[in-house]
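Trainee: What follows is each chain in one-letter form.
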Amino acid sequence: MHAHEEGHHPPSYRLLIGVWGALMVLTAVTVWVAQVPLGFLNVVAAMAVATCKALLVTLFFMHLKDENWTFKGMVLLVFVILAIFIGFTFFDTAYR
Amino acid sequence: MAEIPMAETPMAETPMAETPMTGTPDGGFWTTPPGRSTLGSWLLTTDHKRIGLLYLWCILAFFAVGVLLGLLIRLELIAPGRTIMAQQTYNAVFTLHGVIMIFMVVIPSIPAAFGNIVMPLQIGAEDVAFPRLNLFSWYLYILGAAIAVVSLFTGGGAPDTGWTFYVPFSATTSTNVNVAVLAVFILGFSSILTGLNFIVTIHRLRAPSMGWTRMPLFTWGLYATAWIQVLATPVLGITVLLIFAERVLGLGLFDPARGGDPILYQHLFWIYSHPAVYIMIVPAMGVISDVIPVFARKNIFGYKTIAISSLAIAFAGSLVWAHHMFVSGMSDVAVMVFSLLTFIVAIPSAVKVFNWVSTLYKGSIYLDPPLIYSLGFIFLFSMGGVTGLVLGGAGTDVHVHDTYFVVGHFHYVIFGGTGFGLFAAMHFWFPKVYGRLYNLKIANVAAVILVIGLNMLYFPMYLLGLEGMPRRYYDYLPQYTDLHVVSTVGSWITAAGLALMAWNLWRGLRHGAPCGPNPWGAATLEWTLPSPPPTENFGPVEPEVTRGPYDFKGIEREEVVA
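Sequence lines, in order, name chains A and B.
So in this note's numbering the end of the first sequence lands on 163, straight run, no missing numbers.
So in this note's numbering the end of the second sequence lands on 1169, straight run, no missing numbers.
Do not rely on the hints blindly, as some may be mistaken.
Said to hold, decoys possible - Interface residues of chain A toward chain B, partial, derived using beta-carbon atoms under 8 Å:
#, residue
1, I151
2, F152
3, D159
4, R163
As the list claims (entries may be wrong) - Partial list, computed: chain A residues near chain B (C-beta under 7 Å):
#, residue
5, I148
6, T156
7, F158
8, Y162
None of these hints come from the bench; they were simulated from the model.
Heads up, the beta-carbon is just placed ideally off N, CA and C, and yes, glycines get one too.
Given only the sequences and the hints, what does the whole structure look like? Please build it.
Mentor: Next comes the structure, spelled out in structure tokens:
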């Protein structure tokens, strides 16, 4: 974990506030897009925005950006599994 | 303890003088460290062998309770109408039987007990990667179990939902579901921590000379299981918390009148609980893969395919959950997709069965208890596996869904599979843990009684299911009586077999013939250590892996079992 120690310095307030602002904007996008009638694409849009937000939180707030590739790979794997679980559930809900 | 002359086992001449002939086990990791009380040294231990034994004893105690509840259920069902208990009691008893057996016995059984005792020894490690986390996960298990017991006697009465906690009933029943789901939540965390510990241990603490293809297949099974524990169990935690939220806060998540979806609950529940049956069965398959070559004196057939099939079962088995929901009102597309995926899981399972049978072919077979239990496993698991395909096929499932056919299938796989895997493990590693041997003949007799009892107990359930007897019912039409009687009598035979097995092991532990490090003549690393192994296992020196896990060249069985 030497790479971690070397590259580790606390992120600046400017960056954190920027990420917070982006999350706020994305929340607004979620609310706005839910009111546009897109049919099934509403769900896709909501999921896509939520994924972006999760990415911002894990990378910057949870410092995953500074971790080595073992950790990044593990987190990615878990997200892929979660995506599969949610995706397979749509075999049901999307075709009812 | 009086000296018992061991007339039937000619042990006197074997030079094992350091172990006394009777009394509680001692030596090795059983020795209490200086300056500590015996009880304290167990409750605060970080030794993986002791933690595994703590798990094993608790699991066996809960197993006894679960068996007792099962016997009560069967006794109630021996005749139509009321026999020994009222409807509400019956609902609580089968719920309790399910919750205890699934969450407190079967899920932790082989991984938490034998995984802890044996796996670090098999890979030449000093302990698991996080010994204190290991002890903590045992305490979580005890806390969860205690809260589950509390849920029976507090609130509005024992939960009556069945172990699946299906909404809408679980969201509205007045019984004490809140506390029961909390218990399940905590038990889930115990399972996650054990899985995490095992993944790290297997990756980081293997002896340097043990490559992935030199690893015993039991450890491979635990490795595949650990991934399911880590990745799927959180979904169970979320699901039971949602029930809690639904009941306490009235969120309406699963209430269609408020935009919720009751089928969503079933998806969430089975996303964990179907992979959970692989948490139950894959370690048992690992035990069987380790036992069979030792008693056939022959290398395992298809080592790599068995190892990979464990991972394949873990992966494919995580994608089949909705086959529990074919008649729940899900879309036809989902029914078709999940039915197809279910059939795919049969492939790696069958690969294992054929490999075990091929290992036995032309082996020089010793019919010792671990092998008898393993053969029982293969037979009973195959019976359960084939009927699983009847349930996995969407067309046939509609006919037998929620009937006794399902109950029969499940018990063949879990009792005949995981249960027999656990018994095989208990008989196989008993001499390693206690440094003594039980009576082999009695153990074999008990195994045969169990196979007969299990078939009599569960085969009639297939017939009942095909004739349309629904599961969970308290009462039934007179035409089902005969088969229910056969099944109940089978439950008594099964109980007799279990009692004989338990008594024999207990007697072996107290008065059994002392044995050396490797009574069965096995080739994996745990058998190179003395029985019982020392606290620090291999000590500071890394063991050298000079042979494959099933290469028996030059390894002899000890006289004790000859």
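Trainee: With reference to the structure, classify each hint as holding or not holding.
Mentor: These are the hints, each one checked on the structure:
1. About 7 Å separates the beta-carbon of A/I151 from the nearest beta-carbon of chain B, less than 8 Å, and the hint is met.
2. Taking 8 Å as the C-beta cut-off, the interface hint given for A/F152 holds, the closest approach to chain B being about 5 Å.
3. The interface hint given for A/D159 holds, since its Cβ lies 4 Å from the closest Cβ of chain B, which is under the 8 Å cut-off.
4. The beta carbon of A/R163 comes within 5 Å of a beta carbon in chain B, closer than 8 Å, and the hint placing it at the interface holds.
5. Using the Cβ-Cβ criterion of 7 Å, the hint placing A/I148 at the interface with chain B is satisfied: the shortest such distance is roughly 5 Å.
6. Checking A/T156 against chain B by beta carbon gives a least distance of about 5 Å; that is within 7 Å, so the hint holds.
7. With its C-beta approaching chain B no nearer than about 4 Å, A/F158 sits inside the 7 Å limit, and its interface hint holds.
8. Given hint, A/Y162 at the interface with chain B, holds; its Cβ is 4 Å from that chain's nearest Cβ, closer than 7 Å.
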